[in-house]
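Could you build all of it, start to finish, from the sequences and the hints given here?
For the record, the sequence lines run as chains A and B.
Taking our numbering, the leading residue of the first sequence gets 1, the next gets one more, and so forth.
Taking our numbering, the leading residue of the second sequence gets 1, the next gets one more, and so forth.
Read the hints as simulated data drawn from the structure, not as lab findings.
Each hint should be verified, as a subset may be incorrect.
[Claimed, not checked] Examples of chain B residues toward chain A, derived with CB under 8 Å: (1) 17; (2) 21; (3) 28; (4) 30; (5) 42; (6) 85; (7) 86; (8) 87; (9) 317; (10) 320.
[What the hints assert, rightly or not] To give an idea of the chain A side of the interface with chain B (calculated C-beta under 7 Å), a few residues: (11) 15; (12) 31; (13) 32; (14) 37; (15) 38; (16) 45; (17) 90; (18) 91; (19) 202; (20) 206; (21) 249.
Ideal Cβ placement from N, Cα and C applies to all residues, glycine included.
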Amino acid sequence: MKKMTDEQLSELEQDLNAIRDAVVADLGERDARYIRRIIRLHRTLEVGGRAMMPFGFVPPVFIAATAALGVSKIIENMEIGHNVMHGQYDWMNDPSLHSQTYEWDTVCTGESWRRTHNYEHHTYTNIIGKDRDYGYALLRLSDDDKWKPPHSLQFINYVLLSVFFQWGVGLHELESERIRRGEVSLNEKLPFLKDFFRKGGRQAFKDYLFFPLITFPVAPIVLAGNIGANLIRNLWSSTVIFCGHFTQDAETFTEAECENESKGHWYLRQLTGSSNFTGGKWVHLLSGHLSYQIEHHVFPDIPAHRYPEISEQVQAVCRKHGIPYNTGSFARQYGTVLKRIFAFSLPDRVRSKVPALTMGQAT
Amino acid sequence: MLARDNQSTALQWLGKQLFNREDPAAFFDPLLERVNPMWIQEYTPARVEQILQETSDTKTFVLKPARRWQGFEAGQHVNICIEIDGIRRNRTFSLSSSPILWQTQRLISLTIKRLPGGLVTNWLHDHLDVGAVLGLGEAFGDFTVPDPARPVLFIAGGSGITPVLSQLETMAAQDYRAPVSLLYYVRTSEDVIAGEKLEALAARYPALSLSIIPTHDEASPRYLSDGDLAKVPGLNGRQIFLCGPKGLMDLAGELLQSRGVRERDIHCTFFSAPQANLENQALGGQVQFAQSNIEVGSEGDANLLEIAEAAGLTPRHGCRMGICHQCSCRKTSGTVINRLTGQKSGPGEENVQLCVSVPQGPVSIDV
Chain A
1 MKKMTDEQLS
11 ELEQDLNAIR
21 DAVVADLGER
31 DARYIRRIIR
41 LHRTLEVGGR
51 AMMPFGFVPP
61 VFIAATAALG
71 VSKIIENMEI
81 GHNVMHGQYD
91 WMNDPSLHSQ
101 TYEWDTVCTG
111 ESWRRTHNYE
121 HHTYTNIIGK
131 DRDYGYALLR
141 LSDDDKWKPP
151 HSLQFINYVL
161 LSVFFQWGVG
171 LHELESERIR
181 RGEVSLNEKL
191 PFLKDFFRKG
201 GRQAFKDYLF
211 FPLITFPVAP
221 IVLAGNIGAN
231 LIRNLWSSTV
241 IFCGHFTQDA
251 ETFTEAECEN
261 ESKGHWYLRQ
271 LTGSSNFTGG
281 KWVHLLSGHL
291 SYQIEHHVFP
301 DIPAHRYPEI
311 SEQVQAVCRK
321 HGIPYNTGSF
331 ARQYGTVLKR
341 IFAFSLPDRV
351 RSKVPALTMG
361 QAT
Chain B
1 MLARDNQSTA
11 LQWLGKQLFN
21 REDPAAFFDP
31 LLERVNPMWI
41 QEYTPARVEQ
51 ILQETSDTKT
61 FVLKPARRWQ
71 GFEAGQHVNI
81 CIEIDGIRRN
91 RTFSLSSSPI
101 LWQTQRLISL
111 TIKRLPGGLV
121 TNWLHDHLDV
131 GAVLGLGEAF
141 GDFTVPDPAR
151 PVLFIAGGSG
161 ITPVLSQLET
171 MAAQDYRAPV
181 SLLYYVRTSE
191 DVIAGEKLEA
201 LAARYPALSL
211 SIIPTHDEAS
221 PRYLSDGDLA
231 KVPGLNGRQI
241 FLCGPKGLMD
251 LAGELLQSRG
261 VRERDIHCTF
271 FSAPQANLEN
281 QALGGQVQFA
291 QSNIEVGSEG
301 DANLLEIAEA
311 AGLTPRHGCR
321 MGICHQCSCR
331 KTSGTVINRL
341 TGQKSGPGEE
351 NVQLCVSVPQ
361 GPVSIDV
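As structure tokens, then:
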């Protein structure tokens, strides 16, 4: 990570705070209108998708219904749920958009997400050993993890994680790797497991039991469509999220360098540990504006549709302080993610012989 | 009836499974609202049917709530919610119409005076038009007419007349069989709210004796006096209802006490945030917002809601005056003083209203 003096860090903090303050002062009807429009779009797609699904014996209808339901889940998870739970719309004082009570359309409970994502991941971003989102304790994505033979197969793990992403995210808080190491007991995790089964059961009941059964004669079609919709959402959200922190130049940090860190240092870590990707309006909407991962990590609680508007200012601050701003096309960024997963599946001495496989590292 | 309840519980359960929310019916609100805002499920919608200019700064809004609204008793109030610049605002107002109007025509009315600098009252006056839809809560409050009938004295000031209007109309319609007196204090004769209505009531309802007293028509102010009370026959046998600004309420309280009126015969309702006298209390302290992992110090009489907002938090809230309970939260430890009553809480875990709780020493809140 770029070394900055305390003074420089404090200047960085002021520069970024100024951007934030300007947005917060301007929040109002425009933002309320935006999120309500997105919510209407979600409701329309979900109702439309579910209504069309029983007629899925006509192949184009099946495709349209599955796509509509899949996209509705993506929008609900990414642009509505994730962002609402960050408190981006708390200022509206609308009880159905309140961060602490919102419950989203996925296996992971809102409660668990607020703990593991909002708190752990956004506080300890990319600190190896503290940010359990870094590789999800499943993938080796930096040198800080010692290579072990099972890592050579981690590409398969990655594919499985993507396919079953909502279940993986739902089980994240179980901390199975710490249970295996004996650091926590399964007993301590019982309350979490209870919630997990309740919410997971609810999601499975809805998509794999209830909606297929009420359309009994065409149950297999509805079941297949619902599985398809969940799969579309799983693959897309996992891909977007992997592009946020695991690209080639996204940096990782050690616990030692982040001890007693200042707000300025936290900002610096968010800027250098995250990566954006470019794309059209729809790409940004469907990624919940996590395509502006850098802006999101610097300001997790301002409405995400504002990120494109402040991106230029954040880049200017980065240029001023000589901090890299990691962005590129979706294809390029995702390519480097796949490269990272592959590179770290190799033993260090093999990898070090291939110059093309050098990665952003803890300094 | 029970079967229907069972059915609705089962539906409710199913709705929660399908839509991941405690109020599943509201899932469709964003779409229904577009078709007809009166179909909103999250709160009871009410359409503005008519707006009457009462005085230069007071309007009566006649509303038609959706049919599921539960009705009210004369003297009760409601929370309304509106959205101003993207932010939902909840405020409490007294119902000024009689329940009979609700029962016969499904209409209610709120009579609202502009408060200087008041965000919501001014917005209602300037932007709420006929045809607009606002959110309505269920009625609450115990500022209600005694049953069986007993002699009554109302002392009202300014827009504090609103719940009294509802009560008087109801009493007249039911031919309430006991003497009823109203002492109504207004700033000037121009500021009388519903003057014609009051005169008409007095004309057709002989039990009512009406005195409208302008306080500032003359050079020297003419406030409620012991003489006014002396003119009320059988004062000590009456149920007394007070509604008005704090100065009037305090004065009335003192005068009534010196005339030996028993405390339990006096009923008050506030229409602006009352303040207990907290001057001699040591206030402020370290406030820990446990869920947000934030700890801040506070000084003086700042309430927990203000402290939280100053710390960048956005807890759910409503009226900001201790009425609507939207901001009720779990206090896990520490002592707070209730701004309205001056009462001290226990040190343990309990629900507190953030907007009227002032910390006294360290406090931990589940926000």
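Taking the closest Cβ pair, is residue 30 of chain B under 8 Å from chain A?
-> 5 Å, holds
Holds or violated: is there a CB of chain A closer than 8 Å to the CB of residue 86 of chain B?
-> Check passed: Cβ of residue 86 of chain B comes within 3 Å of chain A, closer than 8 Å.
Would the hint on residue 90 of chain A stand, with a C-beta cut-off of 7 Å toward chain B?
-> 4 Å, holds
Can we keep the residue 42 of chain B interface hint, with Cβ of chain A closer than 8 Å?
-> 6 Å, holds
Does residue 21 of chain B pass the interface check with chain A, least Cβ-Cβ distance below 8 Å?
-> Residue 21 of chain B check passes; min Cβ-Cβ to chain A is 6 Å, inside 8 Å.
Hint check, residue 249 of chain A versus chain B [nearest Cβ-Cβ separation less than 7 Å] = Where the cut-off is 7 Å and the nearest Cβ of chain B is about 31 Å from residue 249 of chain A, the hint is violated.
Supplied contact hint for residue 91 of chain A, tested at 7 Å Cβ to chain B | Holds, because the Cβ-Cβ distance from residue 91 of chain A to chain B comes to roughly 5 Å (cut-off 7 Å).
Proposed interface contact between residue 15 of chain A and chain B, which counts if any beta carbon pair is under 7 Å | 19 Å, violated
Does the interface hint hold: is residue 206 of chain A within less than 7 Å of chain B, judged Cβ to Cβ?
-> 5 Å, holds
Verify the interface restraint on residue 37 of chain A: the C-beta must sit less than 7 Å from at least one C-beta of chain B.
-> 9 Å, violated
With a cut-off of 8 Å on the beta carbons, see whether residue 87 of chain B makes it to chain A.
-> Since chain A brings a Cβ to about 6 Å from residue 87 of chain B, closer than 8 Å, the hint holds.
Minimum beta-carbon distance criterion (7 Å), residue 32 of chain A to chain B | At 3 Å from the nearest chain B Cβ, residue 32 of chain A passes the 7 Å test, so the hint holds.
Hints 10, 11, 14, 15, 16 and 21, counting from the list given before, are not met by this structure.
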